[in-house]
Amino acid sequence: MPKFHLSLTVNGEARELLIDPRRTLLDVLRDELDLRGAHRGCDSGDCGACTVLLDGKPITSCMILAADCDGSTVTTVEGITPAGGLHPVQKALVEKGGIQCGFCTPGMVMAAIGLLNENPNPTEHDVREGLAGNLCRCTGYKKIVEAVLSVEESKA
Amino acid sequence: MIGQRIPKLDAPDKATGRTVYGHDVRLPGMLHGRIKYSKHAHARVVRVDVSRALKLPGVKTIVTADDNPPTMFENGKDNTPLKGQVVRSLRDEVAAVAAVDADTAEEALSLIEVEYEPLTAVFTPEEALKEGAPLIHAEHGSNYFTRYRYSHGTLEAGERESDVTVEADFELPYVAHAAMETSVVVAAFDHRGHLTLYSTTQIPFLLQRDLSEALGMEGSEIRIIQTAIGGAFGRGLDIYPFEPIAALLARKAGKPVRISFSRYEEFLAAPVRQPAKVHVRAGATREGMITFRDAYALLDIGAYVSWGSVTPLVMMETTASLYRIPHSRFAADCVYTNNPITGAVRGYGNPQSTFFVETMMDRLAVALDMDPVDFRVRNANRPNEETPQGLIITSCGLKECLEAVAARADTARQKDEGKTMKDRPHPSSFIPHPSKKRGIGFAATLNVGGGARIYRSDGCGATVKVDDFGHVSLVTGSTEIGQGSETVLAQIVAEVLGVNVEDVNVLNSDTDVKPWDVGVHASRTTFIAGNAAHIAALDARRQLFETAAEMLKTTPDDLIAKDGHVVAKVSGKSAELGKVARARHYREGGQVILGEGWYDPPTKLVDKDTYKGNISATYGFGAQMAEVEVDTDTGKVRVLRLVCANDVGRAINPMAVEGQIEGGAQMGLGYALTEEVIVEKGRVMNPDFLDYRLFTTADMPEIETVIIETDDPQGPFGAKGVGEMGGTPTAAAIANAIHDAVGVWMTTVPMTPERVLKALMEKENL
Chain A
830 MPKFHLSLTV NGEARELLID PRRTLLDVLR DELDLRGAHR GCDSGDCGAC
880 TVLLDGKPIT SCMILAADCD GSTVTTVEGI TPAGGLHPVQ KALVEKGGIQ
930 CGFCTPGMVM AAIGLLNENP NPTEHDVREG LAGNLCRCTG YKKIVEAVLS
980 VEESKA
Chain B
474 MIGQRIPKLD APDKATGRTV YGHDVRLPGM LHGRIKYSKH AHARVVRVDV
524 SRALKLPGVK TIVTADDNPP TMFENGKDNT PLKGQVVRSL RDEVAAVAAV
574 DADTAEEALS LIEVEYEPLT AVFTPEEALK EGAPLIHAEH GSNYFTRYRY
624 SHGTLEAGER ESDVTVEADF ELPYVAHAAM ETSVVVAAFD HRGHLTLYST
674 TQIPFLLQRD LSEALGMEGS EIRIIQTAIG GAFGRGLDIY PFEPIAALLA
724 RKAGKPVRIS FSRYEEFLAA PVRQPAKVHV RAGATREGMI TFRDAYALLD
774 IGAYVSWGSV TPLVMMETTA SLYRIPHSRF AADCVYTNNP ITGAVRGYGN
824 PQSTFFVETM MDRLAVALDM DPVDFRVRNA NRPNEETPQG LIITSCGLKE
874 CLEAVAARAD TARQKDEGKT MKDRPHPSSF IPHPSKKRGI GFAATLNVGG
924 GARIYRSDGC GATVKVDDFG HVSLVTGSTE IGQGSETVLA QIVAEVLGVN
974 VEDVNVLNSD TDVKPWDVGV HASRTTFIAG NAAHIAALDA RRQLFETAAE
1024 MLKTTPDDLI AKDGHVVAKV SGKSAELGKV ARARHYREGG QVILGEGWYD
1074 PPTKLVDKDT YKGNISATYG FGAQMAEVEV DTDTGKVRVL RLVCANDVGR
1124 AINPMAVEGQ IEGGAQMGLG YALTEEVIVE KGRVMNPDFL DYRLFTTADM
1174 PEIETVIIET DDPQGPFGAK GVGEMGGTPT AAAIANAIHD AVGVWMTTVP
1224 MTPERVLKAL MEKENL
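Protein sequences appear in the order of chains A and B. All residue numbers for the first sequence refer to this note's numbering, where the first residue is 830 and numbers rise by one. All residue numbers for the second sequence refer to this note's numbering, where the first residue is 474 and numbers rise by one.
It is worth saying that the hints were derived from the structure and are not from the lab. Accuracy of the hints is not assured; some may be wrong.
[Unchecked claim] Capping the alpha-carbon separation at 20 Å, the derived lysine to aspartate or glutamate pairs in EDC-like fashion look like this:
#1 A:920 <-> B:486
#2 B:1035 <-> B:941
#3 A:832 <-> B:574
In this text the structure is predicted, and so the values were computed from the model without any measurement.
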């Protein structure tokens, strides 16, 4: 199969790749770019573990062909993590107990950042609706929602 | 350290994507394995032809039943990695491919030709037990796998003493554990032919043994390395064929092989919660004392034996020992069918039995015209008593849990002090919409809280090392699956050694390094591994004090460990831990600080005939209150509020305890209202998260958790297990709330709108 020439800006760096055109964005992030923070939980857009920001908007990266992202900007959990520290959303999730097995966490972090970018002062209802595409089997979500709301509070 | 809300120590790495899960393991030259499953639920395998698949470029090797060792594995010794003569379910593995990438392996599967001769299949235990039914395992001679017969007291006496009796049939479904990470394994052989298996197992040491059987190798030739585990909930409590298959592929290919399940495969081939058909009777006196409880459960274990065949042990405990039950009988039959394998899922039989036991409690309360909480408190288990089943209850906060949730229910309804619930205005009278009715319901739970002896050992080992820099390493046999054991164990060690929790590194992932442990199950880790870590830390501290006493010119009993130092109480002089360790180390006849701990609780295997005996060193208790709104037009049930109180002995880390309860509640809510693996003719009909609905952030009700502390006499710092209790009583509390709201008794879960509506329509017709 002829390769596809993909140009992407990933976490602020311009990347040029020759990829199999059948590959999803998640495949390319994990296997070609060695960014394994985005997790594969279902491969059908149902669980949200692979959530990244595409041109600033949260998307499930298992549901989009990498070739369709040509020329776009992608931000993954690795991209929002400051050197030697934590993003306020990550810090809140850690401190409020919103992380157990952690498999859903990077996707949850990116979905929350996408939500807060769009709506810096969400209500609890907004957070619950905004994160409804990200499944978690460990926490019961209560501490995740509290964490995201606390980020909003600390900003204000 | 004890009692502090300390964030999970591994959380920052998880939040930043640094954590290495099984799916992230990449070994040099690693191949990707895929499994070809059966096309039929029951068939003779006539021919497996892999020749076309082998020719596909990129395919490195293929294994079939010809590659199986001669040994059988799993609990019933009825399974082999690949199936050669007969397939017994749609999850049966017929062949497997290792190729350079997963797509090539997948394509190769489609080129493997399998010829079958279909056999009659049976999909219910009733069919399987019929005269002349096809045998699932001919060599077993019957589809009847095993039976359980328990009793105490005499039912006749119980009946005689009863003023009211109630009776009902229940039917409970398959449920998926639905861990966010699917099953994954990486197998690699070294030059000696020894296997290293990167695994998400919950039983690393038992898996060594199981794999040795499944692969015809010595256990000593097998090393299990546990990666970070993205949830497990019981899935990893047994060996399943994909694990030996990965090893067979890796051995044949001479390269490491990874098999990672798709979500579809996870629904198809991972174990599911046991469905159950149960007939229950119970009685009580006019004064509100339970007289007897009698249950019979018919259980489908699927096509091969896994832990589904042992769930009756737990169902029996709920039936015979939740509340004081003078007369009780529990019987269960476990039957082979051509359905999926049933296994362990969080709560392990207890969500099933708590559903029928606790809804029957409300039926009795209604029959007696008695407040459901008062009725429960009257019959509650008490501290320091032995149940007729032989469970030795020490600490027990069941009454306190019930009272705690009842007190909070009072604020959910109209404030109306001094009256029982029945006398208060019904909450539905405050709802504007006439089709929506509100109700509240209660349920309690009893769960092992101090291990569960189902093997001859229920032990765990630990070592605590203090190095020359005062850094502390705990090596524990236990397994971390997200529950927070590494943080709780670090807190215990830090408390004993007087250091910060961040100064304790917990190593728990390699069978070549860590001492033996039975596995992470039965809510046992805080209690069992916690006691082992406590013992090891005390041993390390003894060694530190011995040397520090020489250094500080005093005696060990004058010393305390505090702020990273050993401090003499009288003189106030102190020495840093690292300095003490160096003083012990760098001298003639020097030693390192290395504490050892082994803890095996003082419990018994249940008697093999009577099933009596004290299986756990202590028991956990809990109660929940659900407030629901039922739409009588649609049958839709909305949970408005869930209050969960749990007796955890002592909360070493209250935030982690809440996390266990809240997460358990999410599973319990799913069990109650949305989650069912629909199996038709052996086929899973809803193998994805679109059709198998987990509760999301938007679906969750308000949850309040109440921690009841009873300071268990044997628990580490008074703690006992809590891991499984969060979701156990939820479905019963919701069913009872539905009855309170609209007067129908639900006997199955999930209580979907169509089922609730059907119950409402049946009630109308009466």
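Hint by hint, here is what the structure shows:
The suggested pairing of residue 920 (chain A) with residue 486 (chain B) holds, with an alpha-carbon distance near 11 Å, which does not exceed 20 Å. For the proposed pair residue 1035 (chain B) and residue 941 (chain B), the alpha carbon gap of about 17 Å is at most 20 Å, so the pair holds. Restraint check for residue 832 (chain A) and residue 574 (chain B): the C-alpha separation of about 16 Å stays at or below 20 Å, so the hint holds.
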